[in-house]
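Undergrad: So you can see what is in the structure, the chains are spelled out below.
Number of protein chains: 2
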Amino acid sequence: MNQLTNLSPADLSAQHEQDAKDLTRILPASTKVYIQGSRPDIQVPMRQIALTDTPTGLGGEKNPPVMVYDTSGVYTDPEVAIDLNKGLPHVRQAWIEERQDTDVLDTLSSSFGQERLKDIRTADIRFAHIQKPRRAKTGQNVTQMHYAKKGMITPEMEYIAIRENQRQRDEVDMRQHAGQNFGAKNLTEITPEFVRQEVAAGRAIIPANINHPEIEPMIIGRNFLVKINANIGNSALGSSIDEEVSKMTWATRWGADTIMDLSTGKNIHETREWIIRNSPVPIGTVPIYQALEKVDGVAEDLTWEIFKDTLIEQAEQGVDYFTIHAGVLLRYVPLTANRLTGIVSRGGSIMAQWCLAHHEENFLYTHFDEICEIMKAYDVSFSLGDGLRPGCIQDANDEAQFGELRTLGELTHRAWEHDVQVMIEGPGHVPMHMIKENMDLQLEVCKEAPFYTLGPLTTDIAPGYDHITSAIGAAMIGWYGTAMLCYVTPKEHLGLPNKKDVKDGIITYKIAAHAADLAKGHPGAQVRDNALSKARFEFRWDDQFNLSLDPDTARSMHDETLPKEAHKSAHFCSMCGPKFCSMKITQNVRNYAQNQETAKDFNPSTEEVEQGLKSMKQAYHDNGQKLYQKV
Amino acid sequence: MNQLTNLSPADLSAQHEQDAKDLTRILPASTKVYIQGSRPDIQVPMRQIALTDTPTGLGGEKNPPVMVYDTSGVYTDPEVAIDLNKGLPHVRQAWIEERQDTDVLDTLSSSFGQERLKDIRTADIRFAHIQKPRRAKTGQNVTQMHYAKKGMITPEMEYIAIRENQRQRDEVDMRQHAGQNFGAKNLTEITPEFVRQEVAAGRAIIPANINHPEIEPMIIGRNFLVKINANIGNSALGSSIDEEVSKMTWATRWGADTIMDLSTGKNIHETREWIIRNSPVPIGTVPIYQALEKVDGVAEDLTWEIFKDTLIEQAEQGVDYFTIHAGVLLRYVPLTANRLTGIVSRGGSIMAQWCLAHHEENFLYTHFDEICEIMKAYDVSFSLGDGLRPGCIQDANDEAQFGELRTLGELTHRAWEHDVQVMIEGPGHVPMHMIKENMDLQLEVCKEAPFYTLGPLTTDIAPGYDHITSAIGAAMIGWYGTAMLCYVTPKEHLGLPNKKDVKDGIITYKIAAHAADLAKGHPGAQVRDNALSKARFEFRWDDQFNLSLDPDTARSMHDETLPKEAHKSAHFCSMCGPKFCSMKITQNVRNYAQNQETAKDFNPSTEEVEQGLKSMKQAYHDNGQKLYQKV
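As they're listed, the protein sequences go chains Y and F.
Quick note on my numbering: the first sequence kicks off at 73 and runs consecutively.
Quick note on my numbering: the second sequence kicks off at 73 and runs consecutively.
In short, the hints are calculated from the structure, not lab data.
Hints are not guaranteed to be accurate.
[To be verified] Think about it this way: if two alpha-carbon atoms lie no more than 27 Å apart in a straight line, the pair counts; the simulated DSS-like pairs of lysine-lysine are:
| id | chain 1 | residue 1 | chain 2 | residue 2 |
| --- | --- | --- | --- | --- |
| 1 | Y | Lys571 | F | Lys571 |
| 2 | F | Lys257 | Y | Lys508 |
| 3 | Y | Lys572 | F | Lys571 |
| 4 | F | Lys93 | F | Lys104 |
Since we're looking at a predicted model, the values are computed, not measured.
Put together the whole structure using the sequences plus the hints.
TA: Printed below as a string of structure tokens:
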């Protein structure tokens, strides 16, 4: 792949080595554990974080390990040898085969796909071990929704139920506040049957193309953990296959539940193959981008035939969901004329341009049923695109945006008639007080199909910090019921994100998604907060770092001012120093309550108070003047 | 000051030079403008950002400059020579003098203050031009609330009215969404009389010690722009006077409306003097920290006398507001015994320790009226401390927290009897769905006194990113009615923030405050968003950067992938490249609507549609296939 970078072979090799280390390094105190399902080939990965004991002076108890959801795949399994050239293990192979409803194809169905295979110019960047693709047998429908509606609980559904339960041990601190989930269903125990019901009803989707057997199955739905997506992909102005694969594994390491490959530059087909073969998470694309590349960027030269071939090409590679802007109708386009920032969606603007050039209705809309026929043959899910989302605060919640949303509602219904899985894309730029209206309307017109928003950004004035402007909106809309949040990096509006930007975007969106889970009262969500706060209170610094979303950064920030290992048990940090640390001081208060009746029963007479105070004063001094003491 | 740093004199000198450049550099395209009030010595600073013309092909219109609120003081006024050794100009001197209700004191009233003045060990770190302090004449009350209740509109109030109006020109795009402000009053035009009413009612405060004449007056209240505070200050483990003054000017440069000096380390008194003399914004402190230093860190050795002397010492230096934990009552302390993280407030834990050691009621509570007598003699405002705020999600909204809040309500009433200005501090760590309850209770029990919260953080699991976990909560509680948001930096829970952390915290909190203003529908708030988005849509890259909260970062992020000057007029960036830029494509759509009847009236018959489509198709091709065209 040397010709695609500017580095010398020696430098490239050194960088690969460093990347490989970064990507496979096990997070601190973490073990990959697998929870087995009803059959030996259902092995659900979790990350188990081990904790140290509470210091003796503070109680000395053992602290049970905490299990967290793990998207990093076998990259963080020391038992598995990674070879990007060969791709990941085929987790789902047996499950797909035993359903016996698919054929293995000897040749690719897409003419473009066939051309690329024979093109000697791309020979040395091609993934070497491409499998023959599968397709549904004639008359068969292979979507998870189809199986769910037939009453089948697939292995994927069972895997997901185990995964969503996050299997904590009994000893962990499961306390949490009752949430406010606006009518969602957040069950204490998620069963495979519940998963089936949600998928059958269309309230959740399992993006799982039969040609992507490498994925560790996951679910997107309001009644499950809020998920996040990370976007990667090259552009004409940057990046290589190497870098994109590296971004993908980096993103899943830090917590991306799905990845979208939004490449618009060179070798989109080959880049995608490498990504899919090595991705443990579902991959989404926007097929119109590649279709546009095929017509050299001239939107009006797009045709249904080219687009159809692109869908098949990508489906046979294994793309798990397609963003399709079938809601950008000709009649909505003029509604954007008075907008401040017009149409900001790439796909939306491409389709708008096509509509005007041909003065015909959007071909994605007019050929929608044929698209469904393709999707159901591979189990590709729809992500119905919000081509008319608002690109600035002023344009929020306007006619164009909501008109499109209503059309997406109509299309959801049509897709479900084909048992094709659907999620709905959402905004954008929306001020806080106008966010809930989006959620309420989407639930109503799309009949609770999962919502998948980009933020929204709650102000326009901070390019360079749009991961933050949008985290505010994303957390809120996740709380209100959005199922997946598409991340925004600090580079939004400015340029293509690099690895640091990708990580910043992911950690920020893990924060937003988790804040939403807490507010919804999702059972078990507060376990990690409780464990980390206890570690903080007890000055178990390493435990605090290890439980955090980004242990490396937490540790290095602490070490900037207190680097020595001895400081990791220090009962203070450089913020306040030893005299002023409130945590240190308040370790002592507990004795006061332990040595008297419970605080709630504490309602003494004045004399009792006086007497009690005197004896407590004496006891306090006798006990060495500690506020909290071990019982 | 060399002995307080580790740098050699030469390196220190070089760093000072660089710091001075950083601190006084004018932001790009910006001019300091002063708006005069009803008298020549009322000169209200704003920053005016000049914009370039829209490109000819897109309309060629002039874009009026945008005025933004400016906290950076004369540091960014090229007409004013800065000398940190001399301090800032005395903006308010005449206004204080002409009220003729104060005496100039020949000696400091505080015995500690007198000792420090004579201590030769601190001679070379002492600010050289300390003014003689003022104090109210006997029987006089010099608070802005007192003046307001008497019906007086002070020059400070007029200054503030002008400042809050942000005096945009008529030509700017003033469009904005109607907000949802939960019953606040967001007026289109803020008059000095309105300011007076708000201060008289206690709904707003003007922190303005008569001994801090250098400040550019500002207001904190629900019916005004949401404000932010930045914390600086050394600890026993770090920082020097130099660094702290530098952080203060750095913080005000980036938008801090007030600064709290939370020093707990060496030379607290001298450090504070340098900061106040050079600060254009109000300064807050937590006097109990210095009082604790005076008793060598032994909380139970604190006495009312030591604390009283500290209040006077700090008031005579010019501190504008004191955080006082008078709500940490003995009976609330046991309610924290079952908490996960006890008492996380430094001041709160110090007072809790004192209460238990003495088994007496908190002396800040028992001596509250005497504290008021001191405050009203200098016009120091209360920031009634939330010593029992929750330090983790699990502890949110518990009995201890709300018990203290109710007591703060009682104390608000008592302070108002003295006409002492009051704001109320708030949490902490609170999941999103439990935030509004805090605001509603505070409005009720504190009779609409301004609320001043620390975040809140909406999850505990991301040390290293707590500026983000808390920005979510801060934006929401600002929307609900909180008047000032205390920033949180990435270093929260980990160590003392450096300059980069301070900036990250400030930009993040400017985002939260502005998102709140937009959601409240604060008149004029959306001007900046509109101007920036228009610049973005028209590829006026420099304008987009210059309008943003952090032009330096926006520009450098863009330049990472497209550095050349020619790219600053490029109609794309590296995110998508020239072919795929949606902004570029959709510049053409406007012609479609311009050349036909308005979109709303567009309701043709099928034949009309066919005919229209044919002629539009022809027109589109004739016009060079552009989606939007100039009218």
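Undergrad: The structure should be examined with respect to each hint, and the outcome stated for every one.
TA: So, going through the hints one by one against the coordinates:
no.	hint	verdict
1	Y:Lys571 - F:Lys571	holds, 24 Å
2	F:Lys257 - Y:Lys508	holds, 23 Å
3	Y:Lys572 - F:Lys571	holds, 21 Å
4	F:Lys93 - F:Lys104	holds, 17 Å
In summary, this structure violates none of the numbered hints.
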